[in-house]
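> What follows is the residue order along each chain.
There are 2 protein chains.
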Amino acid sequence: MNTDYEASWLTVRLGAVTANYKTFQSLAAPAAVAGVVKADAYGLGAAMVAPRLAAAGCGTFFVARLEEGIALRPLLPTARIFVFDGAAPEAVPALIAHRLTPVLNSLNEIAHWSRCATGRRLDAALHIDTGMNRLGLSPAELSDLAASWRKRLAGLDLALVLSHLASSDDPKSRQNRDQLSRFRTALAMLPPAPASLAPSGGILLGKEFLFDLVRPGIGLYGGHPQPGTGPNPMQTAAVLSGRILQLRRIDKGESVGYAATFRAKRPSMLATVALGYADGVRRSLSNRGMAAVAGRRVKIVGRVSMDMVSVDVSAIAKTRIKTGDAVEFIGDTVTLDDVAETAGTNAYEILTGLGRRLPRRYREGA
Amino acid sequence: MNTDYEASWLTVRLGAVTANYKTFQSLAAPAAVAGVVKADAYGLGAAMVAPRLAAAGCGTFFVARLEEGIALRPLLPTARIFVFDGAAPEAVPALIAHRLTPVLNSLNEIAHWSRCATGRRLDAALHIDTGMNRLGLSPAELSDLAASWRKRLAGLDLALVLSHLASSDDPKSRQNRDQLSRFRTALAMLPPAPASLAPSGGILLGKEFLFDLVRPGIGLYGGHPQPGTGPNPMQTAAVLSGRILQLRRIDKGESVGYAATFRAKRPSMLATVALGYADGVRRSLSNRGMAAVAGRRVKIVGRVSMDMVSVDVSAIAKTRIKTGDAVEFIGDTVTLDDVAETAGTNAYEILTGLGRRLPRRYREGA
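Taken in sequence, the protein lines are chains H and G. Position one of the first sequence corresponds to residue -10 (this note's numbering), numbered consecutively onward. Position one of the second sequence corresponds to residue -10 (this note's numbering), numbered consecutively onward.
Hints may contain errors.
Same chains, same label: a pair holds when it works inside one copy or across any pair of copies.
[What the hints assert, rightly or not] Mimicking DSS-like on lysine-lysine, the simulated pairs with C-alpha atoms at most 27 Å apart in a straight line are: (1) LYS161 <-> LYS254; (2) LYS11 <-> LYS288; (3) LYS161 <-> LYS311; (4) LYS288 <-> LYS140; (5) LYS161 <-> LYS241; (6) LYS140 <-> LYS311; (7) LYS307 <-> LYS196; (8) LYS288 <-> LYS241; (9) LYS311 <-> LYS254; (10) LYS140 <-> LYS254; (11) LYS11 <-> LYS196.
In case anyone wonders, no lab produced these hints; they're calculated from the structure.
Build out the structure end to end from the sequences listed, making use of the hints.
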């Protein structure tokens, strides 16, 4: 029930998410396009976003944790759901019960999953490490697997072979071609199976990165797949807004907020807004970040508090601003990528850091 | 239902929270001690924490948002619940229906709340701005109120007069005494009412800061009330753990993670752990932060990813570490304040940034 007054909220434009999905479809065709909906669809709400993607034609989803897959299964009864975390022995019963496909990250995991396939066949994805050195089969493990894959993959149907690109957001990075080359080598050593390499950024790297399935995440949610390389081809999907709790005139020399890090150089009008770092307005935006009031950019002044932030609205005409008005901290004026850059991080951390308590409002249109 | 395998989790030591509450009781006596449980009890889970505090003798709670108060009311049927955000006209019906006491931040809010008290009496708190310049009555508004408080507060019972200290975490800041002095002046101008000034840090500033009610938040949850001023008097209440998904040997010169920001200076053993920035391991800890494995401190290497982080476990004996083991990123070895300092923020942002998807496990003991 959301009929009570809300002081701040995240608007999720479901139409923009599906438009971004379709953009990736046209960029990636004939490759299929999966939806990466881990971390609660990057904070936007997987329960709302994933069924929308399914309705737009998405049949394959990726989550990180077992629990995420379990939560998603009733909402996507027929979809393929891959779990990146793999198949720890304790996770196996739930993976099978909820028809989740583990991304197997080591020979040990392959061996255990294959043993579980006794008397039945199980689907599996294989993760080849081509340079991230986080998870996945190392070159040595890959060689071992290649030498005896018939035995090691007994009972398993290979639904996908995948790898992760470390630098796909940077089209100039040499690492992309190096990883592509290693991935091709790996595929040649394994039995034929659908292959996947590209996240959002990888889709823009060129046709040879597309393979059978691409796996966009951040681009679906409006983040630039390759920040700093020209206009963002994606539509804004997440808009963060908070109401003005109070307008305050302060004198020259007065300070604002914790530790008094801002001191007014002239008499100023400030708006105190009901959004703080507990909602996802990062503390690193203190005295640096921007927001939008009545379509104009305004500056964050003082430290961002847990529940509040102050912006300098001196330049806004008095008739255009009042207590209760909404101020936008992420949206079409101050974009997700603007915020990430100013906060010294990336769009992914901004979105996944949106607050637990922040109500999500879902809009149909873009 | 949490019987499924969990790859990472937050352990909340409820016994430590109540022990910290009792520490504040003995430090603040004879002042009463409220519990600040806004932002879902700083991420620990207000639904579990607040009833525990009530059982320990806490009768007064503070939240920021109206929704937080509404959610808390059924769990705390008889407690006093103050809402910092005040009484926007649209919020009034719910404030009254759920017996929430607004912290009134302006003469306009006072006037509106007083009008709502026609034919009945309503409780109210008054927020005096003594230098934060975020919310609360400005000096000019305070003078107006003092001049006609009988009329302006008609129908209202003054449950509390409060102000916020901007620098109570720093006992050396002159701002503390300045604000104390302004708060005393304000109290002298108003009708007699219980008064409150001190958050966790303020409780350590001296008896004259205690007044009738203190309002600890961060200290209840284990954060140092005044970081950098000697041993932390609080017990660790939040422990962040993730399982090792994979152990990887890498060669000298190999890189790890996104953008390959770490390159091994020697052959190394890395553990890839199922915790990422979507869980609250901040990206700013990349190549800088620490964790604890088998009681030993180990370094984060490479960029923290959304769902994973790598630590260098080369110094841990092979017999003491295996896939599936838990690695601690916040706890007794690497403390909340350690993490905050390394991440370039404060303990509040670390706790409120703990991930939405992270399961909370509640322990009775400390």
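> Each hint needs a verdict: does it hold in this structure or not?
Outcome of the hint check:
no. : hint              : in the structure
1   : LYS161 <-> LYS254 : between (43 Å within a copy, 25 Å between copies)
2   : LYS11 <-> LYS288  : neither (35 Å within a copy, 42 Å between copies)
3   : LYS161 <-> LYS311 : neither (47 Å within a copy, 38 Å between copies)
4   : LYS288 <-> LYS140 : neither (63 Å within a copy, 38 Å between copies)
5   : LYS161 <-> LYS241 : between (48 Å within a copy, 25 Å between copies)
6   : LYS140 <-> LYS311 : between (71 Å within a copy, 26 Å between copies)
7   : LYS307 <-> LYS196 : neither (53 Å within a copy, 44 Å between copies)
8   : LYS288 <-> LYS241 : within (17 Å within a copy, 46 Å between copies)
9   : LYS311 <-> LYS254 : within (23 Å within a copy, 58 Å between copies)
10  : LYS140 <-> LYS254 : neither (74 Å within a copy, 37 Å between copies)
11  : LYS11 <-> LYS196  : within (17 Å within a copy, 64 Å between copies)
Violated hints, listed in ascending order, are 2, 3, 4, 7, 10; each of the other numbered hints is respected by the structure.
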